[in-house]
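J.: Chains as they are written, first to last, in numbering that gives the first Met the number 0: chain P, 0 to 402; chain E, 0 to 402.
Where hints are given, some of them may not hold.
[Said to hold, decoys possible] Below are the EDC-like pairs computed for lysine to aspartate or glutamate, each with C-alpha atoms no more than 20 Å apart in a straight line: (1) 252/P <-> 279/E; (2) 98/P <-> 200/P; (3) 288/E <-> 48/P; (4) 401/E <-> 65/P; (5) 392/P <-> 67/E; (6) 336/E <-> 312/E; (7) 59/E <-> 29/E; (8) 401/P <-> 57/E; (9) 401/P <-> 65/E; (10) 392/E <-> 94/P; (11) 392/E <-> 67/P; (12) 401/E <-> 94/P; (13) 255/P <-> 279/E; (14) 197/P <-> 312/E.
Rather than coming from a laboratory, the hints here were simulated on the basis of the structure. Every value quoted in this text rests on a predicted model; they were computed, and no experiment measured them.
Protein chains: 2
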Amino acid sequence: MSDAPKANAAVGQSGGPTGVINASLAGVIEEVCKHSEIKNLYGAVHAVEGIVKEQFIDLKNISINDLEGIASCSSSALGSSRDKPDEKYCHKIFEAFKKRNIRYFFYIGGNDSANTAHIVNLMAAEVGYEMRAFHIPKTIDNDLLVTDHCPGYGTAAKFVACALMGDDLDNRALPGVKIDVIMGRNAGFLTAAAALGKQRDDDGPHLIYMPEKSLTMEQFCADVDAVYKKHGRCVIAVSEGITDIDSETWTQKVVKTKEKDAHGNVQLSGTGALADFLSDQVKKTLKIKRVRADTFGYLQRSFVGFQSQVDVDEARACGREAVKFSLSEQSGSVAMKRTGEGNKYGVEIFCTELRNVAEGTKSMPAEYINKDGNGVTDAFIKYASPLTGELPKTYYLGNYPKV
Amino acid sequence: MSDAPKANAAVGQSGGPTGVINASLAGVIEEVCKHSEIKNLYGAVHAVEGIVKEQFIDLKNISINDLEGIASCSSSALGSSRDKPDEKYCHKIFEAFKKRNIRYFFYIGGNDSANTAHIVNLMAAEVGYEMRAFHIPKTIDNDLLVTDHCPGYGTAAKFVACALMGDDLDNRALPGVKIDVIMGRNAGFLTAAAALGKQRDDDGPHLIYMPEKSLTMEQFCADVDAVYKKHGRCVIAVSEGITDIDSETWTQKVVKTKEKDAHGNVQLSGTGALADFLSDQVKKTLKIKRVRADTFGYLQRSFVGFQSQVDVDEARACGREAVKFSLSEQSGSVAMKRTGEGNKYGVEIFCTELRNVAEGTKSMPAEYINKDGNGVTDAFIKYASPLTGELPKTYYLGNYPKV
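Same shape as in the complex, but just chain P:
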C-alpha cells in the first residue's frame, strides 16, 4: 500500500486543442479507475476556468463508449481555456481544490500548464495541504523542454506531411509556385514536418523556412528563382513565425504595412496576410504567373479522422503514467525518452520536475536545419518519421518515358 492520500482528483485540458489531447484524458480516466486511493475524478470544464467556477464533470461515470470515443477524437472534450493563471488565480484554484478534498491534480497542456501545476503545488506545500500536481504534455508545436517529443505533434505533423504531399502532386499537375504557411510561431518542428512525405529527389516542398533562421525577402526570392529555374515549379513551406534579419516577424511587418496603407481602416490581423504577401513578392519580383498561397490554419490541430496511431498510443500512455507517478511522487511533468530508432522505435515514459518544463520552450536544434536555412536535414527526418506512422505513397506518371 502506498502512502498516497485517499482523496479526490481533478483533471483539465488547457490551451489549443490537438488531435490527441483527449487520448491523454482517456489515459488519466482509465488509470484512475484502477486505484482505490483516488475516489472521485473531477473533470474541470474549460480547464482552470471550470475549476474557479466550480464546474466539474464526474469522469468515473462517463460511458465506456464515450471514453473510447473521445480517445479517438480530436479537440479537448472537457473544453479548454486561454487563461494564464497568475498567483492570485492559482490561489482560487487551490481554494476550490481544498473545498472538494482534491489532492491529485492532472493538467494536460503546454509549458504554461506545467507552470500552473507548479504554482498550485508550491502553494499547497506552503500551507501544508497534502496535494500532488502533475503535468501531462501536449502541443502541436513540439516545443516542450525535457521530453523527446510532445503528444499532439505526430498527428499535426501527419496532417502537414499529407497536405504537402498532395500539394506537391497538384503542383506537378499544374506547375507554378505554391506557398503554404504552417503553424508554429517560435518553433519550426511543424513546418519541418512538411518534408516527411518526400519520396523522390524532385518532390516538394523544395524550400522550407522555419522561424529559427531569419530570412530576407531577397534571399526568399533568390531561392524560389533557383528552384523554379531547375524544376519549372516550386513548392514552399513557410512557418507563420519566420522573421526578417531585424528579428521582427514577417507577419508583423505585413500587418503594419497594410494598416498604415489603409489609415486604420483595414485591420489585417490576418490569417491569410503572410501567404498573400509572399505570393505578391514572388509575382512582382520573379514575374512568375501562376503563384498560389494557402494558410493551413486551424485544420492542423483540429481535423478529425486523421490521427497518428503512434501519437494516440503515446498520448494515452502519458495520461496513464501520470496517474501512476502520482501514487509515488509528489509532483512532476510526464516526459518521453526515445529508446530506439526505425523498426525498434519506442519510448520510455519518465517523470521530470515541473519547473524543468514550466520555465521555457525549445526550438529546432541546429542539426535539423540545413546550412542554407531553407530545408531540413536527414537527422530531422530520422527524428520525426516514427511519430506520424506510415504515410501514404504518392504516385504520378510523369516519370515514364514519352512515346
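With chain P's structure known, arrange chain E on it following the hints.
T.: Chain E in isolation, oriented as in the chain P frame:
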C-alpha cells in the same frame, strides 16, 4: 464483333486535379486492355498541351503497381492543363490524332473538357475521319449537368465535412466565432458539405452561405449575432463565391477596396482576403473578441490519404464505362443516375450527348437551401451523405451533467 474501329486511343486529364481523377484514369486503362479493338493507349501529358506538343506516355505498359497506386492517389497523374481550346486549338488536337491513328479520345474533366471533346468530334465528322470522343466527368464543385453527382465531389465533400467537424469541436473547446471559406465560385455544393458531419442540434456549422443566394453584410452580421447569443459561439461555412445583392462577389469587393486603399501597392489577389474581411466585419460590428477565419484552399482537392471509397469506386467505374460506350457509340459524356437511397444507394452509369454537358453548369437546386438562405435542408443531406462514405463520429463531454 462490334463495328468499332481497330485503332489507337488517347486519354487526358484536364482542369483542377481532384482526389479521384486518377481512379477514372485507372478505369480507362484497365478497360482498354480488355478490348482488342484498341491497340495503343496514349496518355496525353498535361492534357491538351501534351496532345498538341505530341507528348504521350504508353499507358498499356505502366506497371500494375502504378495502376493501383494512382487509383488510390489524388491529383492528375498525367499532369493537367488550364488551356481552354478554341476551334483552332481543337484543329491541332485533331491533326495530332490523325498522325497517330488515334480514333478513340477519352477526356476526363469538367464541362470545358466535354466541350473540347465535342468540338474535336464535330471536326472529325466534318472531314469524314472516323473517331469517337468521350468525356468522363470530374469536378470538386459538383456542377456538371445531367449527372446526379460528379466523381471528385464525394472526396472533397468528405474533407470539408471532417474539417468542419473538427473545427466545431475546436470551437466548443475555445468558444468564439469561426469562419471557414470554402471552394466553389458558382455552385454551393462543396460549401453545403460542411453540414454533412453534424450530429447534434447545436453542432456547427451554424450558418452556411452558398453563392446561389446573395448576402448583405447586415444580414451576415445579424445571423452571426443571433447564433452567438443563443450558443455563445458560432461556426460559419462560406463559399468563396458569395455575392452581395448587386451580384458582385464579396471577394471582388474586398480586393478592390484593398487595392484602392493602398494606391496600387497592395495587390490582394488574396486567397485569404475574404476570410480576413468577414472576420473584421464581425469584430467591428458585433464587438466579439475571439473571431478566427480560415480559407481551406487547395487542400480541398489535393489532400492525400483521405478519399471517399464510394467516390473512388464510382470514378473508376466511369472510366471503365467510357471505354465500353466507345465500342458501341460515336460519342458521349458519362453520367450517373441514382438508383436508390440510404442502404440501397447505388448508381447506374449511362451515356449522354456531349453537348448536354458542354453547354453549361448547374447550381444547388432551391430545395437544398433553407428559406433564410443560411443553411441546407434535409433533402441536401439525403442527397450528399452517401457520397462521402461513413464519417467519423465526434465526441465531447460538455453534454454530461455538472457536479
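J.: With reference to the structure, classify each hint as holding or not holding.
T.: Hint check results:
{"no.": "1", "hint": "252/P <-> 279/E", "result": "holds, 19 Å"}
{"no.": "2", "hint": "98/P <-> 200/P", "result": "violated, 62 Å"}
{"no.": "3", "hint": "288/E <-> 48/P", "result": "holds, 17 Å"}
{"no.": "4", "hint": "401/E <-> 65/P", "result": "holds, 16 Å"}
{"no.": "5", "hint": "392/P <-> 67/E", "result": "holds, 11 Å"}
{"no.": "6", "hint": "336/E <-> 312/E", "result": "holds, 15 Å"}
{"no.": "7", "hint": "59/E <-> 29/E", "result": "holds, 8 Å"}
{"no.": "8", "hint": "401/P <-> 57/E", "result": "holds, 7 Å"}
{"no.": "9", "hint": "401/P <-> 65/E", "result": "holds, 16 Å"}
{"no.": "10", "hint": "392/E <-> 94/P", "result": "violated, 38 Å"}
{"no.": "11", "hint": "392/E <-> 67/P", "result": "holds, 11 Å"}
{"no.": "12", "hint": "401/E <-> 94/P", "result": "holds, 19 Å"}
{"no.": "13", "hint": "255/P <-> 279/E", "result": "holds, 16 Å"}
{"no.": "14", "hint": "197/P <-> 312/E", "result": "violated, 27 Å"}
The structure shown violates the earlier hints numbered 2, 10, 14.
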